[in-house]
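J.: For the record, the sequence lines run as chains B, R, L, E, X and A.
Residues in the first sequence are numbered from 1 upward in steps of one, following this note's numbering.
Residues in the second sequence are numbered from 1 upward in steps of one, following this note's numbering.
Residues in the third sequence are numbered from 1 upward in steps of one, following this note's numbering.
Residues in the fourth sequence are numbered from 1 upward in steps of one, following this note's numbering.
Residues in the fifth sequence are numbered from 1 upward in steps of one, following this note's numbering.
Residues in the sixth sequence are numbered from 1 upward in steps of one, following this note's numbering.
Hints are computed from structural coordinates only; laboratory data are not their basis.
A few of these clues could be false.
[To be verified] Within a straight-line C-alpha distance of at most 20 Å, the following computed EDC-like cross-link-like pairs (lysine to aspartate or glutamate) qualify: (1) Lys-466/E <-> Asp-247/L; (2) Lys-111/B <-> Asp-205/R; (3) Lys-157/B <-> Asp-229/B; (4) Lys-219/R <-> Glu-276/X; (5) Lys-237/B <-> Asp-222/B; (6) Lys-137/X <-> Asp-224/A; (7) Lys-59/B <-> Asp-229/R; (8) Lys-18/L <-> Asp-160/A; (9) Lys-59/B <-> Asp-205/R; (10) Lys-244/L <-> Glu-60/X; (11) Lys-93/L <-> Asp-118/L; (12) Lys-24/L <-> Glu-259/E; (13) Lys-121/A <-> Glu-23/L; (14) Lys-152/E <-> Asp-160/X; (15) Lys-219/R <-> Asp-70/B; (16) Lys-370/E <-> Asp-147/A; (17) Lys-162/X <-> Asp-147/X; (18) Lys-219/R <-> Asp-69/B; (19) Lys-109/X <-> Glu-45/X; (20) Lys-370/E <-> Glu-23/L; (21) Lys-59/B <-> Asp-222/R; (22) Lys-59/R <-> Asp-205/B; (23) Lys-466/E <-> Glu-250/L; (24) Lys-242/L <-> Asp-102/X; (25) Lys-51/L <-> Glu-162/L; (26) Lys-150/E <-> Glu-162/E; (27) Lys-156/E <-> Asp-119/X; (28) Lys-465/E <-> Glu-250/L; (29) Lys-61/X <-> Asp-99/X.
Chain residues, written in single-letter form:
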Amino acid sequence: MDKLNIDQHISQQYNSALDDLKTEFLELGGIVEQQIVNAVKAITDVDTVLAQEVLMTEKEVDEREMQLDDLCTQIIARRQPTASDLRLVMAISKSTRDLERIGDEANKIAKMAIAISDSEDLPHGFSELRNLGRHVQEIVNDSLTAFARYDIDMALKVVNKDKEIDREYATAMRELITYMMEDPRNISRSMNVIWALRSLERIGDHASNISEQIFYLVKGLDVRHQTPDEMAQQVNKQRK
Amino acid sequence: MDKLNIDQHISQQYNSALDDLKTEFLELGGIVEQQIVNAVKAITDVDTVLAQEVLMTEKEVDEREMQLDDLCTQIIARRQPTASDLRLVMAISKSTRDLERIGDEANKIAKMAIAISDSEDLPHGFSELRNLGRHVQEIVNDSLTAFARYDIDMALKVVNKDKEIDREYATAMRELITYMMEDPRNISRSMNVIWALRSLERIGDHASNISEQIFYLVKGLDVRHQTPDEMAQQVNKQRK
Amino acid sequence: MTKPEIKTIDKVNRTLGKRYRAEKRFRLYGMLSIGFGLLCVLFLFTNIIGKGLSGFTYHYLQISVEMDATTLEISDTSDLNQILAGNYSAVVKRGAYEYFDVSSRRDKSAARKLLSVDGTGYLLQDRFKVDAKEIINTKSMVWALVDDKVDFYLKRLGEPGEPGKHEFSEKQLQWIHAAVESGDLQKRFNWAFFNNGDSAHSEEAGIRGAVMGSFYLLLVTLALSFPIGIATAIYLEEYAPKNKWTDLIEVNINNLAAVPSIIFGLLGLAIFLAFFGFPRSTPLVGGFVLTLMTLPTIIISSRASIKAVPPSIREAAYGLGSSKMQVTLHHVLPLAMPGMLTGTIIGLAQALGESAPLLMIGMAAFIPEVPTGVSDPATALPMQIFQWFRNADAGFSEKASAAILVLLMFLIVMNTLAVWARRRLERRW
Amino acid sequence: MSMSMLFLVMLVGVAATFYFCRQRSLSLASELGGIRHLHSLPVFYGVQAALWCAIPCLLIFGLWVVFDDAIIRELTLQYLTEEQRSLSANELQLLLSTIESITTGSSTVNDPQLIAISQHIVDFRSVSNLALSITVVCSLVGLSFWAWFKLKPENKARSNVERCFMLFLLLCSTLAIFTTVGIVFSVIFESIRFFQIVPIQEFIFGTQWSPQLSIRADQVGSSGAFGAVPLFTGTLLISAIAMLVAVPTGLMTAIYLSEYASSRVRSVVKPILEILAGIPTVVYGFFAALTIAPMIKNGLHGLGLDIAFLGVSIGPLEVSGESALAAGLVMGVMIIPFVSSLSDDVINAVPQSLRDGAYGLGSTQSETIKKVIFPAALPGIVGAILLAVSRAIGETMIVVMAVGTAAKLTFNPLESVTTVTVQMTTLLIGDHEFDSAKTLAAFALGLVLFIITLGLNFIALNIVKKYREQYD
Amino acid sequence: MNNSVTTESIAPLASEKTPEKAKTSNVITEENSDAYTTVGQAFSENAKMSMRNVNVFYDEKQAIYDVNLDIGTNEVVAMIGPSGCGKSTFLRCLNRMNDTIDTCKVTGKFLLEDQDINDRKMDVVPLRARVGMVFQKPNPFPKSIYDNVAYGARIHGLADRKSDLDDIVETSLQKAGLWNEVKDRLQQPGTSLSGGQQQRLCIARTIAVSPEVILMDEPCSALDPIATARIEELIDELSQNYTIAIVTHSMQQAARVSHRTAYFHLGKLIEVNETEKVFTNPDHGLTEAYITGRFG
Amino acid sequence: MNNSVTTESIAPLASEKTPEKAKTSNVITEENSDAYTTVGQAFSENAKMSMRNVNVFYDEKQAIYDVNLDIGTNEVVAMIGPSGCGKSTFLRCLNRMNDTIDTCKVTGKFLLEDQDINDRKMDVVPLRARVGMVFQKPNPFPKSIYDNVAYGARIHGLADRKSDLDDIVETSLQKAGLWNEVKDRLQQPGTSLSGGQQQRLCIARTIAVSPEVILMDEPCSALDPIATARIEELIDELSQNYTIAIVTHSMQQAARVSHRTAYFHLGKLIEVNETEKVFTNPDHGLTEAYITGRFG
Ligand SMILES: Nc1ncnc2c1ncn2[C@@H]1O[C@H](COP(=O)(O)OP(=O)(O)OP(=O)(O)O)[C@@H](O)[C@H]1O
Ligand SMILES: Nc1ncnc2c1ncn2[C@@H]1O[C@H](COP(=O)(O)OP(=O)(O)OP(=O)(O)O)[C@@H](O)[C@H]1O
Ligand SMILES: [Mg+2]
Ligand SMILES: [Mg+2]
Ligand SMILES: O=P([O-])([O-])[O-]
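This is chain B alone, in the form it adopts within the complex (with noise of 0.2 Å):
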């Protein structure tokens, strides 16, 4: 199991630095996560009051990103930091843009439950919205954890869940599309629905971005773009 250790350096306030950093990213992870399940169970519940609450979150989720990117820059300002905790700080840098474009992404969704409401009978696609909001929050969590743990086991996990996630949402939105087909007169719903969907997938494409970063933080090995099997190679060529 790979660990780094942010808390050893001769400066508490160093470490404090660093510990704030992460300790403010995963709460931040920890906010947008909520947001997620919120959002989708307002949609899928038709729950308006829950999604109000996941717009009203939005403001927060943008100031912590603020803060984070503020901190961010103050500790390469104040301490130059290098190798580990750079990267630490780096990785932070970037994941939390993918935090914060999930959470926008829970709104959208959000604003879409909301939009969906108005009417009575339920839309087509609940229950794929809700298997894959399921899906989704499960590898945002996991890609949190991954990165509370410097796991990078688990990063690939997530990566390779959501290839599974893309291959459901292409599922679902095929099928939409069949819904939508079948019964023109709701599109304008369906299209609600459609976009949750495509948020969630968004969702699922941060979490992978984050596990990527994961890589990076604990190998300094810059994954994107690859896919799974070659992320796992090059992690196992490493590790020889």
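Assemble the complex: chain B is given as a structure, and chains R, L, E, X and A with the ligands must be docked to it using the hints.
T.: Chains R, L, E, X and A with the ligands in isolation, oriented as in the chain B frame:
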């Protein structure tokens, strides 16, 4: 007119490293801009060859993105940039992601172009696509120019234009949905156009993000998640 | 690309032989110089020791002396005045006549001339001072000092040209050789040299007076120059503002250090003797002059050792809120003390060997008494040497050499002390 | 009370004052809640009080001792008869010293009047002594009580003590100036008087030196010849010989020891050579006169040296028993360690980094020395040599002992010459009245010597100082 | 921004920075610069020390021009700037260490709390007990570790009993993070410690007289990176209880340890700002040029 | 990776780094570490100098343990490590400057191109002309600027005519970036220059004998940041034509100027790698600990 001077360090190497970074970044910008132009052209002219061409550059964009990120990290590790230099590096580090995403979106458009090319008759929404495409390409170009020139007025214009594009997109979307309802058989084809439109809209957002980074780069202001008015206000306040 | 480099190396190698030959030559010069220096030391020392060692011994003739009270003119052995005024020469003469068994006036005179009658008399006087009661009116064997000519002749017996022989008549030579053969005439350690003051007769002359004189001189010098020197050094290094006044003091001190010592003699002569009217030839005045002379040495070496105290220590102390005096007394002085002590000892050693200024203030006078205080007339070791050197009497040259050995001994002791002080006191933190 | 006893009492009193005042400040401190509430540390209060006692008492003591003789003398005068009082100053002085010798019992004059006066003096003295003791002890006690009562926590004891300390230091440091002033004064007046008798130009440019000619002071026009040129040339000749020996040897020794020799060789050779510096000059003089001079004389005679000068044979060499060569050689040997240790200092002051720099460029050792270290140290070395020259010029004993008094104007090292210092001693040893041209000539010579050496030192010290600053 | 000095700054703000401007402002010389204003936040509401209109001269040569600066309570203020810009000179004014330089004349007001410490009549001894100083090169006294730390307490009479002194020594060493390393060898000489330990010993020595302000003049420039990191860490801990002014050549160090950073240039205080601000977005072109390595 | 020394490294790779491991590997001591392998890329295909199995002793004390390292042609290799780890000692072996220390014994092979320079019979004079050295403190000779630069050429007889010498001086000063600053005052003493200029003069002096390799031992540690930046800039320019080995206390400096970085620890060469790699992703835990400030 605001200007930063990245090329007056005692260290020529540092100068050239920052210069390279900026040049590479703008080059990447040029590539993705071309991708947008080509992709939009491919979809509206149903030119699969052009679409393929766009897809072919994806790899280059990815590589350049990774390279830029690497450059940023190296500059931080080797040069411990501060103040404007640090802001430049951080802004480029962030904006690179946007450029890569723009490239991705252009790819998606190109893919849609290929998907659409199967059928003979033109789907609805091509004119909207063309219009939006032109505007989007414009603001991408503007944002890069603004970046190159450290021009926040121009950046502010980009942000404003993006709002227009959003409105344009919403209109186009509504129209397309109407088409889809009218002609459900063409739904899956229309969906492709929708995705393309959606991609263009996202490209606009990314251009806007890049412009926001210009504010940070030039003024040290984090104007993300603000309305254009707020931005203008903040800039003016600092100018006073 | 490598072409010019190869050229460089070739060029370097071209001249290499020449350069190494120059190197060897240069080294040789250095070694020769050192050799010369060492040779000088060796020659000087063998020469002086060779000359001086014999000064520690003297030839004595064992005669029996009748301590006849009437001849001695001592009636009351408890009266010191009588003992001091006793006519010892008479008994010694009588003993000599007896030993050589002479009766004619010419023989008596010849015999008497072989002995140092007065010198031996002083030896007897010393014995009387201790226990006159015991020895009065007894007859006892006495090692009598021979005349310095006899001593001179005997010490150079083997040398070519038989130096000193022509001073004696045949008879005297016979007597001498007979006495030597019988073992009555012996070379013995010359205690008188260490116990006596100066004398007009070389056989009686000793360095006691000079040693004591030097001692008092050094005492005065030390008592004055050490505190004043250190105080001045402290003032200049720690207190003095950088201005014309301190520059003046500084230039003065540096110049004084290199002013010829004879000038200080003039100063002593004109100021202390002529102006203030201090008594001539006293260690007190000598001490004043030597103080003025050694002060620059002490000040300069003290300043050097104060300077050697790192300024950072001072800054640290000031930074903690020490006052100037505390900085000086707590930090600077303890660290500089070894250097100051060494400087002082070296300065005193110089003062001990110094002669020119003393010459000017009359310490080259003939003073047979051993001084008992700083205001008694006295001479000093180097002065004594100088006087003996100038004395035409052959015996004095040897005395001078011996005195030189004593002086060098003192100097070596003092310098060793200085080295020891430096080693011992220097706390290497 | 005897003086030393009084001194002891004062010492004890001051010590007691110190102790009690310190104790008092401590108790004041504990009332206030700790030493930190005092202005100064307790020891400063003690020292301040001790100084308050000691300084006035010492002043009283000192003034008393200085003036009591004069006062007693004034008092004595009243016992003298009218005619005695009207005696000339000199005779009065004589009379008083006679009386003085009666008081000490070393005179056997039996004049009853004088004996009575001397008795008065003895009485005055004992009264004065008693009064002094009482005054000192009283003021001591008074002052120490005053100090004890005046002691307050807010007294600036530290500042006061420090001011005293600094005054003491300042006083000591002015002594150097007084010394110089003293030197100048002691030579300048006599010299002026000399130059009133002998014109200055004659002194400086005259080539005849024979002060011994003045047989009687009142003999007009026969005060001797005082042309100092032969003395200067003699001095120069001997110094030059000495420098010829000392400079190359000393310099090369310094270089070899500091650059080539291993630390072990250095630790042995250096002290041995320094022995040469520690040997008193009188020893060198002895050595020069009794060993070297005969050696040169015999050696050159033995060789039967025949020197041809400008192609003209001037016959077998005349070697004087008091040749300049002997004194110069010995003086040179004496100066070797002086030159070498000064040069050694200077060479060692050249920073190691310069050597590293030179070696790093591929210099050989001698190149490093000749091209980097020596030029760098040159000013310092020049300074050292100048100091050595000044020392050679001022050197007295060697020349007094090994050089004659015949003032010959020659540059032949084998002849006898004389030097400035020799003449000074010759003229001043023994009895001297301070008004004969002979005696005064010595002071004039002293003045010249002082000026020359002062000039040399000044230049040398400035060079050395500049050089030091270069690396500070 | 109410306590900013910048009302009509002659200095170009970031927004006005142009290469040309930066060039011209690089050449502030003694002639053209009599009037200038410090940019940023020179004043503090909670000031421990306040300096007003400080000018320092060495003989005729002016080393500090009209500097105004506050140092807040328990704040770490770093002073940076090119060599010879007067940082050390300014710092040494704060506890009158410049008194030891004869040629140095200091004018202006230096308030330590409410006391003007530049008053010639003021006694420097208690002042220096309140404003301690740590120097560039570690300079322990050649005494034992114990005596080093106890020295200040002794001369200021802070301890009446031996046990008080022991306490002072122990707590000071503890605060300086040195206690554990030296507690078994308090009687060994202070100079036997390593460079970094020596510097901590010097800090302990300074703390022992319980100063209110600690001045540090390049305290790490003689140390290696590891020892430097320890001292920086220590400075951070000390800032809990002490007000600290530190001069440093290393901009990185200033960035790491300080709350506010003051940039000096040719004797002028160009900018004072929060350290983050100075190092990410300084207000003055000269500051920017210096910290980004664009000088000359 | 074919020229990596790491086949069975005892050192933990990044992947095996755990806090505990890092801890234990911090305490490589002289006892447990006789066998060790340098991690990373110690060898170079285009080596100017090759050092093999270098051990250095000061009397009994071993200062360097079995170091293997290549320095490539026209490469800048930086050596970093905690104080006393033997960087200077190693550097000084490269032109036999350690010869001047009597107690120092050096074993191992030092190839300069194909010549073993550690051969006792090898003459150091021409060697030092080929391998020049620049020292920590600028040490210009107390001569004129011209003579400083001409010195090496003169002693080695590199110039036959005065004009040759002038050429050498001019080109060297130009290469050292000092020509423009001093061309009008070549006859002024070298010591009249500022610290940074002096150091550049020393570099010019070294260049003047056209060495192949330049060794620098903390060349900027006595300089302020601006002068340091200039020297770093110069090193970069020189690396076009010279092979450079530089010891530095400042990791940032190593990061800025070098192509490869070697990390020494207690006399052992722990890791050598491309500088980027060392500073973003070092292979060895000790290197990581050192450059991130995690020691002790
Ligand atoms: N004792 C002095 N006498 C005369 N001028 C001085 C003195 N000390 C400093 N200076 C001058 O005052 C100016 C400021 O010096 P100061 O030592 O304060 O600079 P600094 O910023 O601390 O520089 P550094 O970073 O080199 O320590 C410089 O120009 C310097 O030459
Ligand atoms: N002349 C010497 N005699 C004995 N030991 C020495 C000598 N020079 C260095 N050493 C020892 O050798 C080891 C390595 O020293 P070196 O000077 O090479 O270290 P360094 O890495 O350069 O350290 P720094 O960064 O402090 O310059 C140290 O333990 C040192 O104590
Ligand atoms: Mg400074
Ligand atoms: Mg080193
Ligand atoms: O925000 P995205 O374009 O990455 O979905």
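J.: Mind checking the alpha carbons of Lys-219/R and Glu-276/X for me, to see if they're no more than 20 Å apart?
T.: holds (15 Å)
J.: Can the restraint linking Lys-59/B and Asp-205/R be considered satisfied, given a maximum Cα separation of 20 Å?
T.: holds (18 Å)
J.: Lys-466/E and Glu-250/L were given as a pair; does the straight-line alpha-carbon distance stay at or below 20 Å?
T.: Cα-Cα ~15 Å, so holds.
J.: Hint check: Lys-18/L vs Asp-160/A, CA-CA at most 20 Å. Holds or violated?
T.: holds (16 Å)
J.: Check whether the Cα positions of Lys-219/R and Asp-69/B lie no farther apart than 20 Å.
T.: Holds, at about 16 Å.
J.: Within a Cα-Cα threshold of 20 Å, do Lys-51/L and Glu-162/L meet the stated pairing?
T.: Within the cut-off at roughly 17 Å; holds.
J.: With a cut-off of 20 Å on the C-alpha distance, tell me whether Lys-370/E and Glu-23/L pass.
T.: holds (10 Å)
J.: Would the hint linking Lys-244/L and Glu-60/X be met if the CA-CA limit is 20 Å?
T.: Holds, at about 18 Å.
J.: Keeping to a limit of 20 Å between CA atoms, is the pair of Lys-242/L and Asp-102/X held or broken?
T.: holds (7 Å)
J.: For Lys-466/E and Asp-247/L, compute the direct alpha-carbon distance and say whether it is at most 20 Å.
T.: holds (15 Å)
J.: Need the status of pair Lys-157/B, Asp-229/B: alpha-carbon distance at most 20 Å?
T.: Status holds; Cα separation ~11 Å.
J.: Is Lys-121/A close enough to Glu-23/L, meaning Cα to Cα at most 20 Å?
T.: It holds: about 18 Å lies between the C-alpha atoms, which stays within 20 Å.
Comparing the model with each earlier hint shows no violations; every hint is respected.
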